[in-house]
Every structure is written in structure tokens, then in C-alpha cells.
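Protein sequence lines correspond, in order, to chains A and B.
Each residue of the first sequence is one higher than the last, beginning at 897 in the working numbering.
Each residue of the second sequence is one higher than the last, beginning at 897 in the working numbering.
It cannot be assumed that every hint is accurate.
Identical copies look the same in the list; a pair holds intra-copy or inter-copy alike.
[Stated by the list, open to error] Pairs of lysine-lysine, DSS-like flavour, derived with a Cα cap of 30 Å: (1) Lys1152 with Lys1022; (2) Lys1022 with Lys1145; (3) Lys1064 with Lys1251; (4) Lys1251 with Lys1084; (5) Lys1000 with Lys1257.
Keep in mind that the hints were calculated from the coordinates and are not lab data.
Given next are the chains, with one letter for each unit.
2 protein chains.
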Amino acid sequence: MSNIKKVQDFLIEHAIDAALITNPDNIFYLTNFRSEPHERLLGVVIFKEEEPFIICPAMEVADVKAIGWSHGVVGYKDTDNAFEFLDNAIQERISELTLLAIEKEHITVDRFEILQERFPALQFAKLDGEIANYRLIKNETELDCLRKAAELADYAIEVGCNEIKEGKTELEIVQAVEQAVKQKGAEKMSFDTIVISGKKTASPHGIPGDRAIKNGDFILFDLGVVYKGYCSDITRTIALGEPTDEQLKIYETVKKAQQASIDVVRPGTLAKEVDLAARSVIEEAGYGELFPHRIGHGLGISVHEYPSLTAANELPLEEGMVFTIEPGIYDPTITGVRIEDDVLVTKDGVEVLTKFPKDLKII
Amino acid sequence: MSNIKKVQDFLIEHAIDAALITNPDNIFYLTNFRSEPHERLLGVVIFKEEEPFIICPAMEVADVKAIGWSHGVVGYKDTDNAFEFLDNAIQERISELTLLAIEKEHITVDRFEILQERFPALQFAKLDGEIANYRLIKNETELDCLRKAAELADYAIEVGCNEIKEGKTELEIVQAVEQAVKQKGAEKMSFDTIVISGKKTASPHGIPGDRAIKNGDFILFDLGVVYKGYCSDITRTIALGEPTDEQLKIYETVKKAQQASIDVVRPGTLAKEVDLAARSVIEEAGYGELFPHRIGHGLGISVHEYPSLTAANELPLEEGMVFTIEPGIYDPTITGVRIEDDVLVTKDGVEVLTKFPKDLKII
């Protein structure tokens, strides 16, 4: 309930009548209700003082109550006009709606136009940054989930390493890893598991397929799990057989770059400094052009959330932020290598949540 | 390429300068490039005559080329302003942009405002319905994928039935099913697999957990797979041990209702008639209040797409449409039952793509 209170305080401070929250991850953060509405309307409406309500498909009303939500629930059927139900439920609670906070980074233009048509004089305020800021600093309960999710990610890499064998396909390893980690308590994967091998590792977002692993390959694992609604995200690159000098040089550069970024993490460091720490190591080694993405992204209920750690972000780090550190070098003629950990900014430094070893593992 | 041509013809017909498509499923339909951009900008821009281009993160440029896309590709880095790159690439191709078609059901208000700021005089047209209409009618290549996806869904149910055993948990069965179907060729599940049991079946969107299956339970499977980018979606409800008369009556009512809906599918039938055929069977049996959702939804690249089969949709069915038929009765005091098939509207009737038997299976 304290998270809803934060939104209420924001509404009071800015004299906003109400907030309509439709991003499922934000709804989970605020209400503990988790659902994927597809094209249907799912929202929570919060007022300065009046009781909040969840609007959802009729068939989910019982689920909302079952998680212990003790406030209003408005269910609509597939033949109903959901926005009419929304409108009525708002009018039951407040006499006039003149300023509504919405998530402009989530709500579609189509729905926005429906709102504009229904409330012609209504003004809109942007709520995204506000909720992103609440979510930016994790509390102890959230950290427990994130630590457990990271532990399961470590376990998944361990399973993956044990599966590596000449002739096995990438997809076979994906299956073995996902099965093992779910048996160990992961709710689901936080995104489609990546296991790619050989030259395919040079694609940062490569897709696993039927390629059989060969001696001399680097095998890149990028995966994460969801535990009690919180995500992990880890990358390790493993060698099958003795690596060449060129492969080794790329690996050691990425490893050194990743450690350089970890070493600067503490309250007060700017987000961009985390990026630049790794980037300068990679540039000095002559691979600057082959590191085409930011160093990392925030992690929590969403697998990508704030902060975004680019070379341009001047945000100072604060205790309680959790994000990935994942430099990579992608040489299409040799190999790709990425090493990624999840880290927490602590009072005076950093806690690395993922702990699978980073010395090059040769199988 | 013919799908891009459809958009070009639409632009010419309506004197629209260009279309910006950002829905990943539509991008896949138009370009064959599949990617999950998270918060990054991914789009394809199509003109009346000039060459189309894909705008994507720099790290995905090689992936775009690898799938055989022979047109323009614009990559931007995480520190770049993606909309500036978009702007420049458009200006390289046409001298004036006055009317742009966008997907109002997909693009966010935030991005819309960025476009408005960058192109102050720009007018916008809505493109969603147009592309949804192309995707509404499946061609033979698409139908081959949908049939194969349905076959894999049948197989998943078969595996699930073999896993049913007193004491096994819902999540254990989920794992076994997913593993088996992926080994058999499914790229991934089309949504989070549902295996729920006992009274939990009374939640249409129930979430599998650690509940152990008991004798006397109904076990509800709702799952689907993705095969070459196309989705299936099947539901079967299975009994462990002899059902009670009340359970049996609910099951037989749903089965009869589902068949009634299938029986009316042919070109010219209105979407709502498919819904009402099942709904009237369920209402006559006295369960009307316990069927709180539409009869089904379109199926293709998205697991929910057009047509939406509600009791209010007057759309006439046409040959080549594919959708689900999934009535359910959810009695929280007895059990939930849902039976779902994927069907194709043929020239003179219906082809049921999912074929797992629907007589109550008692284990």
C-alpha cells in the first residue's frame, strides 16, 4: 500500500485529480496484481484521497481479489465499452476530472484519443518518470527477490556449461537450461534465452537455432529468470576447446573492461562513468568500433528499466539501484564475447549479485 | 515484398507520404525481420515509391541484413537520438513529409509527441486497421505454419496428459510439456503455459503454481507454440479420477457449446454468430453468468489478433481467417472447464487445426 501512497502524495503535490496506470509492470509494483491484458484494458486508478480501483476484464475480478486487493475492482465484459466503465467508476469517486496523470511512454495514441473524446476538457500530466523513480531504488524485499533471481541465473549458466558438448545444438542447450532452472524455482525466463555459438556470437541479439557446437567455438549464454516478479540477466561466454590468441585477446579485454566498470560503481558516480570505464578499456585495446551498445540497463520488475547506463547519462548513482554491466566485443570474423553481471549500488560501493566465475572457462 | 507493396498501394490511394510501422509483429509481417526492441526504437518506413528502410539499434544492423533484407537499414547507437536518424533518413528519400501513417494502437503518446515536435506541420493517418486487414486473411505459406503450430499444440496436450499423476504439481507439468514441445520443433511458447487444477480452473487466466494434483481434480491446459513466427493456442480440460455429476454436466455443456460454434463457421457467418452459438447453449444449460469472455480471437503472428469474436462483432467471416473457439464455464464452487480449438474458415466451411480429442479424458 505504501507504493500507492507515493502516487497519492505526487497527485496532492501537483494538484492532479487522478492517475491512470496501465503499464502491467507498474500495476504489479503498485498493487501486486500481475496480468498480461493483451489488447484488453487493464489499469489502476489512484486519487488524491478517494479509494483507488483496478479496472480489468470481468474474468479477472476474482484473481484481483484473490491476491488480497481490498479496494475497488471494476470488471467489464468483452462486449462492454471498457472506457465507459472507467468513466463511471471515476465519476463515482470524484465530481470533476480536470487533470489526469498517465504513462505517456506506455499508453497508445489510440487510447489517448479515446480519453480525449470522452473528457474533452481534460488535461494530461506525464507520470512515467515519477513511477520509474520509485522503482529505481529497491527495498530489502525487492533485493531479496533480485538476489534469488541472480542465484538462479548463476545456476542456469552452470547447467549450460555442463551441457556443452561437440555436436549439441544451441536449442538443445536452451531447453536443458530452462528446464533445470524452472525445476529449481524460477517462475519463468525473463526473456528468450540466448545460447549462440561460433561466429553467431558476433550478433548481440542473436537467436539460437539448430547450429551444432564445434570444437574451437565460443558459446555465449545470455539469460535471466523471474523470481517472485523480479528479473535477473546474466551473460557468460565459454570456450569449447583451446581458444586462439585472437579469441583470447577479445575475451580478456571484455573481462578487464567489465571489471573496470564494476570498480567505479558507488553512490555519486555518474551513470555515464560506468559506461565510459569499460568503453575506454575496449577502445584502448583497439576494439572501440566493435562495442555498439550501452554498458547496461536497470533491472527489477522489468528486465529493462531505469537507469539506462549510456555514455551520455549524467544521472548520479544512488544506494539501492540495481543494473546490469555488460560490455561486449563483436568481431564477425573472429567471435563475439559479452560478460554481464547484475550489480547493486551499496552504501559505499557495489554488490555483484551474479557470481558465476568470469575467468575464461575452457571445456 | 508483396506485403510492402500492399502498404505502398494504400499510401498511393490515400495520398499519404509515408508509413512508420513500429509494431514488431507488423514489422515481421512486412519485412520478415523479427526483433524485440524493448524501449529502443525499431521501425520500418515505407514510401509510395522510394525505397523503404528499417531503423534499428546499430547492433542489429547485421541481423537485418542476414535475413535477406535488401533495402535500406539505418542503425543508431544508444547515445544517438534515434528520431534524428529517422528524420534524416526520411529526408534523404522524400522532400516533404506532410502526412504520415502510423499505428495508433501501438505507438505511445510519448513517441507521438516527439514526432509532433520534430515535424510541427505533420498530419497523421491511422494504419492499424489496414495492416490488421492484410493479416486477417492467411495465405498458404502462413497456413502451413499455423497447421504445424497446431500439431505441436496437440502434441503438447498429449504430453501433458501423460504427465498427470496424483501429487505432481502444476509447474512440474508445465516444465515437462514445454521441454517436450521445444524438442519437437517449437521455437517457443506463444504465451505463458497454463496448467491449473482443482478449483483453480475457475480462473480463466489462472497461474500455475506448486499445487499438487489430487484425485477428483479437473486439470486445465491452455497453451500454444510459435512455429516459424506463427502461433497456436489450445485448451483442453482433463479429469483425474471419476468426475462428479456436476463436473460432468459442466464439461458436456462446454463441449456441446464449442461444437455449436464450430458448426456455424463458414464464409458469410458474422463473427458474433460464432459467439452466440456457444453462448446460447451455455445459457440454456443455466450457466450463462459463468461464461465471462468472448468466444475467441484471431490467431497468426500475434497470439491475439483480428478478428475478435465477441457477441457484438458484425464482421462477416471470410475464407482464410484463422481464430480460436474457446467457450468456458467457470464455477468457483465446482470447477472451471474450457475447450479451445484453432479453426480456419475454408471456402465452404471450417477446418479445425487442433485435433486433440474432446471427449472427456479420464485418467
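Which of the stated hints cannot be reconciled with the structure, identified by number in ascending sequence?
1, 2, 5
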